[in-house]
Each structure stands twice: as structure tokens, then as C-alpha cells.
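Engineer: Residues per chain, in single letters:
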Amino acid sequence: MEQQYIELYKALHQLIKQNSATIINELRDAAFAKFESMGFPSTKHEDYKYTDLKPVFSADYGLNFKRLDFPVNPYQTFQCDVPEIHGYQYFVVNDGFYPSKEEHNGNLPEGVIICGLKEASEKHPELVAQYYGKLTTPQNDALIAFNETFAQDGFFMYVPENIQLDKPVQLINIMRSDVDMMANSRNLIIIERGAKAQLLVCDHAMDDVNFVANRVSEVFVGENAVYEDYKLENTHAKTANLATVLIDQKESSDTLTNIITLNNGISRNNIEVAMNGEQCESELCGMMVGANQQKIDNHTTILHNKANCHSNELFKYILDDVSVGAFTGRIFVEKDAQQTRAYQLNRNILLNKKAKVRTRPQLEIYADDVKCSHGATIGQIDEQALFYMRARGISLPEARLLLMYAFTADVIENIRIPTLADRMKMLVEKRLRGELGMHEGCTLCMH
Amino acid sequence: MLEIKNLYASIDGKEILKGVTLSVKPGEIHAIMGPNGSGKSTLASVVVGNPAFEITSGSITFEGKNLLEKDPEERANEGIFLSFQYPVEIPGVSMVNFMRTAINEQRKYRELPPMSASDFLRYMREKKALIDMDNKLTSRSVNEGFSGGEKKKNEIFQMAMLEPKLAILDETDSGLDIDALRVVAHGVNKLKSPEKSTILITHYQRLLEYIVPDYVHVLHDGKIVKSGTKELALELEAKGYDWLK
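Quick mapping for you: the protein sequence lines, in order, are chains A and S.
Read left to right, the first sequence gives residues 71 to 517 (this note's numbering).
Read left to right, the second sequence gives residues 75 to 319 (this note's numbering).
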């Protein structure tokens, strides 16, 4: 399984490098060596126990190393302007950044750079070199090594000191191909001291072929900076969507990660938040709706490396049919991270006897003056509440819907952009009614 | 209006109702009294269709329709309302959303168009005023964090909103202080009309000072052992239930 990629790299590494940028290439061979020695993680690997990636990687996929442009202009064909949000909008089609071909977004605030990672590496080499790979290099993860071996481009965002973006940035990842396709895209996000940015990532799959996306993001959040990361996945049953997000927080910074998965095939989110300064705030939450054979695995790590930080984690799953969910919540409190407050909750509703969820809180606490809690529940819809609603004339399906929606409400309420929260509410309700299709393009925007 | 004939019901194989017969006509108020465990709440539950109970024999009709064939939501939309002894908390479902859904489901059942948002809010305001319901309660999730008294008041508020033909108040007075009791009773009396009927389930005579029943029945060990007028309630208050056994 690994062998075809090892041979591929050996044969094509020149081509891969020619079509990328120096800074990205510099880490490539070392990453390849790491991947070659590790191989893809099997379910024997503790971190990948619940999601078998073998079937994902054993198939054959096209890889666009030559960076051939798809003859599409997503800015025109993909009507995805969130009317209420008016964000700055960017597209990554498979693993290539598509620069806006017209004045699509208006002017960014002074000093803010948003472009493709390849372009950024060429135009701002010092800036990119200062950050690129700094969070991934210490990691021992095959998906990261694989990404670093093959990634040629991706999304780059730089918000300089004390600049607060006036509107959200929307990154739309589209998988678009007539044949089975793999994309390894790489994102780099730098929010400097005192700056603020909101990123909304939408993952979509356009065609009825097999897709694998293996995306890695490094996020640097400076002192007193605020970073919000919203992700909506609405792909399809043939998509394996693997995403790693590594967040580095400096003193008094504030981050929010909110993941909503409505339709997918196999999804794996590896999120790691490292609090490397005191007084950091971090909120990490998600809600997943699974049906049919959907598989959704969130693997989260929060590193309380410094004192006086606060993290709050909340993940909710609603699983029907034979769908499978997994949640791992690792919280690590360093010896000197006194006065840490770390809370974690994972709640699950199984609508069908054949649906499964596995939940693992993993707390490692080395400081002695901390407040930490974790909880996990797995249950069914509350029968008493259901009867109470029916006794008021509400039909069984409608009562179930209201209760399921209510179950997810606190995750949606965590969204700090009110218009986005309203939109998400509508989409979640549509999904729970079974009315949200998988090929609707950017569901955030289409009415 | 409501005809219960020789009704037997059980839960988890345990027989609770052992041949109850009761007839309620439009405009009447019936009080059902009896000691704990006599089957009062079970009777209320089976009339509204709680799926936890099994009807082993007998019949219940409402306006000539066989209730036992109907789902709980259909019974509600036919005009039967139960004020729960223990109202359920539903975190995440707002009172407004809950009531709007209930009203519109009822309208759909009666082949009426949904109520517009503004009409609904106006209607809700009227009903809140009628029973003196606090705004802060209707802006919260259903019953979440409500005190015992607030929950009972919320039941009466929902009753006012849904305007049932038959209201069953299951121990609505229990856990209420005298002021709350007065407010609840006042609400019930305001909603009274010649077409509407009420069944009060209680084991104290106290509530009956405020809501005067036309008939009083004593339920004991799953059967109605005595029926009479409001004087029976006073007699029970004085003598207890033991003399009826």
C-alpha cells in the first residue's frame, strides 16, 4: 500500500519540486524519509485504532503534480457568496489555490496577505520560512509526513500585528475531477500579535468519483490575538477527508475551532491546540450527523504547556443507520501549568442499534493545582421528552427533529458570527430532516 | 364527550387500572381523588396515550371516536390536554419554538394554514397576560431550570395556548404554595366555558376550594369506588380514605 507512493515519490520528486516552491521543497525529502519508515497507520496504532485508513489508501488515485489548471473559474461558476456574511472568499480546487480572477473580494486591509502557499513562498520567502513546518516537524504522524512529501500548494493567510479583519475569510475546498483523485494541500495561517481573523472552511466534493483529501494546516496565533476556525463539511460517501490542524497559541490569545460535519464518507480530523503562553483561551467544539455508512473520527489534543490557561471542549454526534463515530479527547497538562482549567464533554445519540460510537477521554495531568473535567455519554432520544411533546400535538417525526436539533444547539451557539450561526442552524435542520443533498455545492450560500 | 368503559391497564405486566368507568359531558368538572398508588395518574396517562402503559381491555372514546386507536399527538390535536404531574425539561428547545410548533401542528391537523410569526407572538402575549406568566419563562428552554411552581404554571399557560376541549390536570396543586395555587386555579377558571370539560386529579381537597367540581370520584386500587358531588370531597377531607375500603 505504501509502496506505490514510495515509488511514486522516487520517480517523480523532481517534477513535484519543479512545480512547487523552494521553502516547501526543503522539508520534502525529510518528510518522505519519515513516511517511508512509518508507512500508513494501521488500526494497531493507538491514535488510529478506530478508523481504518487502509481501504482509503489502497485504491488508485490521480495526483496533479504538474499543476494542470482545471478549466474552471470557481469564482464564476461556483455561486458561493454568503449573502449575509460578505466574507473574503477563496477557492482551493483539489490542492491548487485559485487566485481570484477579478476584483472579487475588494481590498484587504493593509498588510494582510491572502494567497496560495506556493505564491506566498515565492513572494514572501522570509515570512513563510519563519513558520512553514515549524509545527509539523516535531510531529510523528504519517498523514502529516505524507502531506509534507506531496503537498505543492495550498492556502496562505497572514494578518499582521493589531489588524483585525473586518469580515470572515471563507476558504472553499472543492474536490473536482472526472477520475478518482487525491489532493494533499497545505495551509499556513499566521495571526500576529493583537490581530484577529475568522476563517470559515467549507469542504465539498463535486463529482461522483472517489476522493481523498489529506490537508494539513499550521496556525500561529500571536499574543492577544484572536483566531476563529469554522469548518463545514458537506461532501459525499466517496470522499475520505483527512484534515490535520495544528494551532500554536501565544500568551493571552483566544482561539475557537468549530467543526460541523453533515455529509461525508470517511472523515478524520486531527486537531492539536498547543497553549504556549499563559492566559490562553481555547474553545474546541463540533457536531456531527452520521447516517448510512458515514465514518467520523475526531482526534483532539489540547496541550496546556503554560499556567493559567482555559480550554473547553464539546463534541456531539448524532448517528443513524450503520454510521460510526469516534472521539478522542487528549488533554495534557504540563508540570508547571498550574491554574489550568480544562473541560471536556462528548455526548452522543445513537438513533439505530447498528450505529456505533467510541469515545476516549485521555487526560494526562502533571500539575497539581488544576481544574479538569471530562464526560462522555451515549444514549438515545429522551423518551419522556418525546412523549411530552407528542402530548402537545407535535408529531413523532417533528418531536424527534426538535430534540435532535436541541441536542446540537449548544455547539451552534458557540459560533460567534451570528449570521453564520443562523445559516448553520438552517443547514443542520435541513440535514436532520434528510433534505440536505450532498452535491449542492456550497450549502452555506445556496438557498 | 369522554366515555371510559371498564378500562384495564397495566405497566410492565403490573395491573394498575382494574375496570374504570367514567363519563364526562361538555362543561363538566370532575375531580378524581384517591390515595397514592390508587391509579389516578395512570388513568390520566392512558387517556392521553402514554406508550408506557398497556390497555388490556375496555374502551375510551372521545366525541364518539375510539381514542385507543390514536397516537398521543392525534389525541392532543382532537382537543385533549394533560397538565403533567412532572413536566419534562427539554434543554435546547425554546418555549417559543415549542409552542409555535405545537400550535401549527394542531392547525395542520385541523386543516388550517400555519399562524404567521407576528400573529403567533400576539396570541402568545395575550395568553401570557391571561394567566400572568412571566416573560422570562417563555424566553427560556421548555421547563429548564423552572421551579416546581413555575413548571405547573407553564402547564396552565400551554393549556391556555392550545385551548383544549378536555383538560386533565394531574396533581397540578401538589408542590404549590397557596399563592401559586390561587394563580393556577384562577387560570383554570378563566379558561372555563360551557363546552369545555376538566378532570382534576388530586389527593387534597384544597384545590377544590378554588375550582369547584360538579362531580367527585374516589379511585381506589384501580377502580372508582365512590362517586358524588363536591360534598364528598369534604367528607374525604374529614374522614380520610380508609372508610371507603
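Be aware that a few hints might be false.
[Unchecked claim] EDC-like, lysine to aspartate or glutamate: derived pairs with alpha carbons at most 20 angstroms apart:
{"hint": "1", "chain 1": "S", "residue 1": "225", "chain 2": "A", "residue 2": "452"}
{"hint": "2", "chain 1": "S", "residue 1": "144", "chain 2": "A", "residue 2": "453"}
{"hint": "3", "chain 1": "S", "residue 1": "182", "chain 2": "A", "residue 2": "277"}
{"hint": "4", "chain 1": "S", "residue 1": "144", "chain 2": "A", "residue 2": "468"}
The set of hints was computed from the structure by calculation and includes no laboratory data.
Engineer: Decide, hint by hint, whether the structure agrees.
Structural biologist: Evaluation of the provided hints:
Restraint check for residue 225(S) and residue 452(A): satisfied, since their Cα atoms lie roughly 19 angstroms apart, inside the 20 angstroms limit. A C-alpha spacing of about 18 angstroms is found between residue 144(S) and residue 453(A), which places the hinted pair at or below 20 angstroms, so the restraint holds. Pair hint residue 182(S) plus residue 277(A) does not hold up; C-alpha atoms about 40 angstroms apart against a cutoff of 20 angstroms. For the suggested pair residue 144(S) and residue 468(A), the alpha carbons sit about 17 angstroms apart, so the restraint of at most 20 angstroms is met.
Violated hints amount to a single one, hint 3; each of the other numbered hints is respected by the structure.
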